[in-house]
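A.B. asks: Residue numbers (the numbering used here), protein chains in the order written: chain L, 1 to 88; chain A, 1 to 116; chain G, 1 to 154.
Do not take every clue at face value.
[Said to hold, decoys possible] Here are the computed distance ranges between Cβ atoms for each label pair: (1) A:76 x L:4: 29 to 35 Å; (2) L:7 x A:95: 38 to 44 Å; (3) G:143 x A:10: 38 to 44 Å; (4) G:106 x A:14: 50 to 56 Å; (5) A:61 x L:6: 49 to 55 Å; (6) G:33 x A:98: 56 to 62 Å.
[Claimed, not checked] If you want the footprint, here are the derived chain L segments under chain G, 3+ residues with CB under 8 Å: (7) 64 to 70; (8) 73 to 84.
[Claimed, not checked] Lysine-lysine pairs mimicking DSBU-like chemistry, simulated, CA-CA at most 35 Å apart: (9) A:66 x G:104; (10) G:61 x A:41; (11) A:66 x G:11.
No wet-lab data here; the hints were simulated from the structure. Think of the CB as a built atom: it goes at the ideal place given N, C-alpha and C, for glycine as much as any other residue.
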Amino acid sequence: MTQFFMIIGVGMCVLVLLCLYRATFGPTILNRAAGISAIGTKTLIILLLMGVIYDRIDMFIDISMVYALLNFIGTVVLAKYLERSGEV
Amino acid sequence: MIVKDVLVILFMLGGFFLFFTATLGLLRLPDFFTRLHATGKGDTLAALWFLVALAVHHGFSLTSAKIVFIAVFLFLAQPTATHAISRAAFRCGVRPWTLERAVLLDEDTVEQGGEK
Amino acid sequence: MIQESDDVIVKAVARLLVPFIVVYALYVVMHGHYSPGGGFQGGVILAASFVLLGVSHGLEKTRRRMSEKAAMVLSSIGVLIYGGIGALCLILGGNYLDYAKLGKILRVTPAEARSLGILGVEIGVALAVMAVMCTVFFAIFTAEESPEDYRSLE
Chain L
1 MTQFFMIIGV GMCVLVLLCL YRATFGPTIL NRAAGISAIG TKTLIILLLM
51 GVIYDRIDMF IDISMVYALL NFIGTVVLAK YLERSGEV
Chain A
1 MIVKDVLVIL FMLGGFFLFF TATLGLLRLP DFFTRLHATG KGDTLAALWF
51 LVALAVHHGF SLTSAKIVFI AVFLFLAQPT ATHAISRAAF RCGVRPWTLE
101 RAVLLDEDTV EQGGEK
Chain G
1 MIQESDDVIV KAVARLLVPF IVVYALYVVM HGHYSPGGGF QGGVILAASF
51 VLLGVSHGLE KTRRRMSEKA AMVLSSIGVL IYGGIGALCL ILGGNYLDYA
101 KLGKILRVTP AEARSLGILG VEIGVALAVM AVMCTVFFAI FTAEESPEDY
151 RSLE
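Using the sequences plus the hints, can you model the full thing?
C.D. replies: In structure tokens, the structure reads:
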């Protein structure tokens with residue numbers, strides 16, 4: 001099973017690299033925000049997979065919960081800022 | 001034991017497929033709203049499948065309860081974040097991509113995602 | 001100055017999530033010795049709940065719960081708790097932050113005194129970090145209210 005988790009984890013890392021294209025070259029800041037948000041979700045899953053591989057999931061689960069929380073708050077704050085500034 | 005492993009593998013492959021399609025949509029769809037629609041829904045469901053797979057793999061314990069908490073939190077937070085940022089985009093004057101507007105605009109603007 | 005958001009969805013979700021975020025932050029602070037986290041991380045999560053409240057419900061309602069003055073006082077109290085526990089150990093005849101010496105006044109074994117001392121220090125750090133993060137948040141989000149203050153700094 002560990003081998004399977006590692007293969008899935010590597011696949012997720014490749015997906016993160018693909019999302020990084022949108023986060024880097026996205027035409028506007030909104031596209032970049034969408035890319036960053038997608039990367040955040042994938043990173044959460046990668047953290048949990050790492051926890052399973054190292055057999056310390058009770059440690060990694062707290063970190064991934066904080067990661068999900070900060071990802072959400074960051075996106076909402078960015079949306080508020082953009083809405084207030086009124087231009088992209 | 002073998003049933004559990006098969007369940008975990010099936011759930012993880014399903015989640016990976018959903019993540020892959022969400023990323024494909026983020027890269028290939030024409031404008032901001034369609035890209036957000038791909039990731040906003042695809043990522044949420046894919047994360048749920050991964051979390052279910054991990055909970056099944058770990059068995060019944062405090063850790064799987066925390067995994068359920070993460071799933072509930074993601075299902076509340078992810079759509080809200082998507083809604084907030086798409087609303088901000090609409091307020092900022094980004095208009096959705098349509099075929100008629102894409103024909104009217106020149107090739108360069110279509111490449112840029114049909115913004116403005 | 002942030003106005004109250006006219007977005008019903010964000011407001012409702014924030015109202016639903018903020019209490020759970022605070023409880024989770026307290027969990028991170030309390031379990032600092034045997035799981036990842038501790039004072040600093042718990043304080044940051046506590047401050048994140050205030051940021052979410054400020055973004056969704058406006059700065060007025062946030063100020064009613066945590067004003068700038070209260071943040072200033074709380075940061076001082078946090079540093080005082082940290083330094084006070086360290087100095088107390090020094091007074092009781094040990095090194096700085098040598099919690100085992102606290103057993104004399106707490107009337108527990110040295111091992112239990114170590115655990116309790118670390119918990120006290122974590123609470124102090126969490127208070128200080130939360131207050132300072134709230135101060136930074138207020139300073140950033142009210143920058144346009146008093147531009148002359150910033151001009152005088154240059």
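A.B. asks: Tell me the hint numbers this structure goes against, listed in increasing order.
C.D. replies: 3, 5 and 9
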